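Spelled out, the chains give:
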Amino acid sequence: MRSARFELCVFAAVLALSAAVHRTSLGGAQAGQSPPILAKRVASFSVRGVCLADTLLTLGQQEQVPLGIEYVDRDALEKPISHDFRNATIGEIVRALLGGTGGYTWRVRDGVLNIAHQSTAAPGNLLDRVLPDFEISKCSVGTASAALYFALYRDLHPEVTGYAGEFDPGNPDNVIGPLKLRNTPVRHVLNLLANGSKKRAWIVRVPPGHLDQLPPDGLWTIIEYENPPRHVAQWLLREIF
Amino acid sequence: MAAQDGTHSAATVQSPLAPVTVAAYGAQDISLASVLSQLPAALPFASVRIQYSGAPGSLQAQVSSVESGGNLVVDSHVQNEGNGWAGSGANPWHLDNDTETILFLTNESNQPARIGFKVTANDLSTPAKGGVPYYLTKLRLNPHETRAIDLRKLRDAQQPDLKKNTVPAAAMDGSVEWIRLDNVAVMGRLMTINRRQGMASNYDCSSCPCPGSYSEAGTDLSPSSFNLAVNGTQSISVTAYFENCNGDGYYEEVGGSFSWSSEPTGVVSVDSNGNVTGVAAGSATVVALSTGTIYVPNGNDCLEEEVPEGGSATVTVADGTPVISSINPHYWLVGATTAGVIISGQHFGTSPVVNFSDPAVTCIQAGASDTQITCNITVGVNASGGTVNVTVTSQGYNGSGFIAFPGGGSQATSASYPANKYAPYAAVVLSTKSQGAAGANLCGAMPGWARNVTMQLQTQNGTPVAVAGITMADQISVGTPNALGVTSAAVYQHNTDVSGDWPDTYVVCSTACPGSTGEADAIQSWTWSGRPLPHSNYVVYKCKSITVDGR
Chain V
1 MRSARFELCV FAAVLALSAA VHRTSLGGAQ AGQSPPILAK RVASFSVRGV
51 CLADTLLTLG QQEQVPLGIE YVDRDALEKP ISHDFRNATI GEIVRALLGG
101 TGGYTWRVRD GVLNIAHQST AAPGNLLDRV LPDFEISKCS VGTASAALYF
151 ALYRDLHPEV TGYAGEFDPG NPDNVIGPLK LRNTPVRHVL NLLANGSKKR
201 AWIVRVPPGH LDQLPPDGLW TIIEYENPPR HVAQWLLREI F
Chain G
242 MAAQDGTHSA ATVQSPLAPV TVAAYGAQDI SLASVLSQLP AALPFASVRI
292 QYSGAPGSLQ AQVSSVESGG NLVVDSHVQN EGNGWAGSGA NPWHLDNDTE
342 TILFLTNESN QPARIGFKVT ANDLSTPAKG GVPYYLTKLR LNPHETRAID
392 LRKLRDAQQP DLKKNTVPAA AMDGSVEWIR LDNVAVMGRL MTINRRQGMA
442 SNYDCSSCPC PGSYSEAGTD LSPSSFNLAV NGTQSISVTA YFENCNGDGY
492 YEEVGGSFSW SSEPTGVVSV DSNGNVTGVA AGSATVVALS TGTIYVPNGN
542 DCLEEEVPEG GSATVTVADG TPVISSINPH YWLVGATTAG VIISGQHFGT
592 SPVVNFSDPA VTCIQAGASD TQITCNITVG VNASGGTVNV TVTSQGYNGS
642 GFIAFPGGGS QATSASYPAN KYAPYAAVVL STKSQGAAGA NLCGAMPGWA
692 RNVTMQLQTQ NGTPVAVAGI TMADQISVGT PNALGVTSAA VYQHNTDVSG
742 DWPDTYVVCS TACPGSTGEA DAIQSWTWSG RPLPHSNYVV YKCKSITVDG
792 R
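Top line first, the protein sequences correspond to chains V and G. The working numbering applies: residue 1 is where the first sequence begins, and numbers increase by one. The working numbering applies: residue 242 is where the second sequence begins, and numbers increase by one.
I should point out that these hints are in silico values taken from the structure, not numbers from a laboratory. Remember, it's a predicted structure, so these values are computed and weren't measured experimentally.
Stretch by stretch, here's where chain V covers chain G in the computed footprint (C-beta under 8 Å, at least three residues):
{"hint": "1", "segment": "679-692"}
{"hint": "2", "segment": "716-730"}
{"hint": "3", "segment": "739-745"}
{"hint": "4", "segment": "749-756"}
{"hint": "5", "segment": "759-767"}
Here are the simulated DSS-like pairs of lysine-lysine, each with C-alpha atoms no more than 25 Å apart in a straight line:
{"hint": "6", "chain 1": "G", "residue 1": "K785", "chain 2": "V", "residue 2": "K138"}
{"hint": "7", "chain 1": "G", "residue 1": "K674", "chain 2": "V", "residue 2": "K138"}
{"hint": "8", "chain 1": "G", "residue 1": "K379", "chain 2": "G", "residue 2": "K404"}
{"hint": "9", "chain 1": "V", "residue 1": "K40", "chain 2": "V", "residue 2": "K199"}
Note that beta-carbon positions come from the ideal geometry of N, C-alpha and C, so glycine has one too.
Using the sequences and the accompanying hints, generate a full structural model.
Structural data, given as structure tokens:
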């Protein structure tokens, strides 16, 4: 008879990656050789009156490009923009969207288009924090995201004797893992979550300059690509500001 | 007896007689009895047509009609066709107990003949104001038809003409005038008969050699201005005006020979017979166009000149009473704006007003047409849940205000429809999907417990708020007791599905587990789409159980 005690996610260590082996391609001010994502040609991409954050997520959904957005300011969530692109590359579109806004940087890491800002390179960015050990069994992406949060929480607060809370496990059909990572930056784990068999995005849910703190309701949120794309800017605006 | 108003016509039969020879300067009587007796029924009247060789005018003839009683004979001189027939006439008529007056009209051509006709009775008032003409406007003769118009019947019928006039019932004398409206040969003869005196007289006065000429000035559409409801119909008749050589006027209802159109399109439709149907609210001009003819005498001929013929009428398609057929979605969240609510129906007008029985509900219109209003509906955060009546009030069309239906009378300008306000009240554990020890995924090296549940957003009376996309966020505050020594962590937002549900995982990790039997109690407060939920959950975390509100 099977034991009544069971694990929500079963451990299976199959992947071990080191931060040292991350392949990185630079964009924006540090742009270098175009990797495949930035060179991908887009037949048509149009937005009308949509803010920058939702525009990027719409582009990611349309082209199935995994995104990691670690900087959102009020303009990015509020200011409507309109663009029409025909036969342009992802790189050209991103450059058009971000190049003139000042301070944005973008690069492809772990197969994910990471969009950051000059200010996010500051010391203390928790996305750069290296977790000595992060292991999950095959589980939903929502559970994996929560597990990453708990791992970061434990790493930041080794003194805690326990914690209680709740989280959104997400769609049980969207699974990832197993993962067994050593000395891995949080951003890299998030990129792995975004660049699974199904593409998705992660986006920070704190205002600029607050990436050095872990709020109770989390530092990031996972955005599943849906059709039509789900616009999250209004919600983020309410949550962040 | 043939009908008098031209809407009925007698059957026309032509019966030729065998040719006869009339010697030079000779005379010959020809009896028509043998021909008339071959017909299946006795004829009240007939026309006689004589064709002869020789130069025009080389033969003269007279028709003598002898009544069967033998006490009345009517002699009528026969006119030559071509230059001898009467193309028009103005003749005296008289009616009394012994006297009848009948106008005979014979179409001598092979094509239909339209006839302008009017009767003027002597004015009986004191002082006399002049007679008022009475018009027949549908008088048409078939080829070779003879029509008898009995003035007594015409007077006694008291049927109003296009001017709403009748021949005065007491009238006994007056004149009757007629004129061809087409350039075809028509013979006319007015006969007055007094049987008691055995006396008859007849007239074939010809006043104008050419048909009446079309005159735009007097032509109009009737009714010339009217209101219609959507899908309502109105038949428009065109009455063309003709003048004879003396300037006397006649009217003729033209029928379907006009081409019909309306401007702007989409307000009414018009068929080929001038039947107008209201399509959508608004005003339109209905135009009837054809070609009229002006005749100018030129010797024995009449010169013809074509001129535009027609007129216009204005029609206003009235506002219907607004009707709301559906509202989608018809449930709106308290404290939220539901964008893109479609109110469907009809007769909303161009600037409808949307009101609600609850003043806490407002609509910002994002578009409106006669059949659809798009509302961004906001329900105030302090509004209570329940039914709210939606009222759409029409303000008419294109700024013209409300247009009453034909016939007038008051009518409603608004319609109501029920909708619902949902007031989210509580996040409730709908079902447990699984629970068990939380693995290292969530707790790392610490033992713990996790419970996967389905939560549902409900109103205070337990009704699911079945709206997708509501963002549910919560805050968990661990209080006392806290035997497990836990802190609050990891509270995430959720999004409701179409049932108002969302998956949720409660988790507790503690170094006190699995051995402790104590508990950590917490208050879980919620916001939905940024607004606080009235009900907070009471969460009890234990090493091997997690309950929410005791469930």
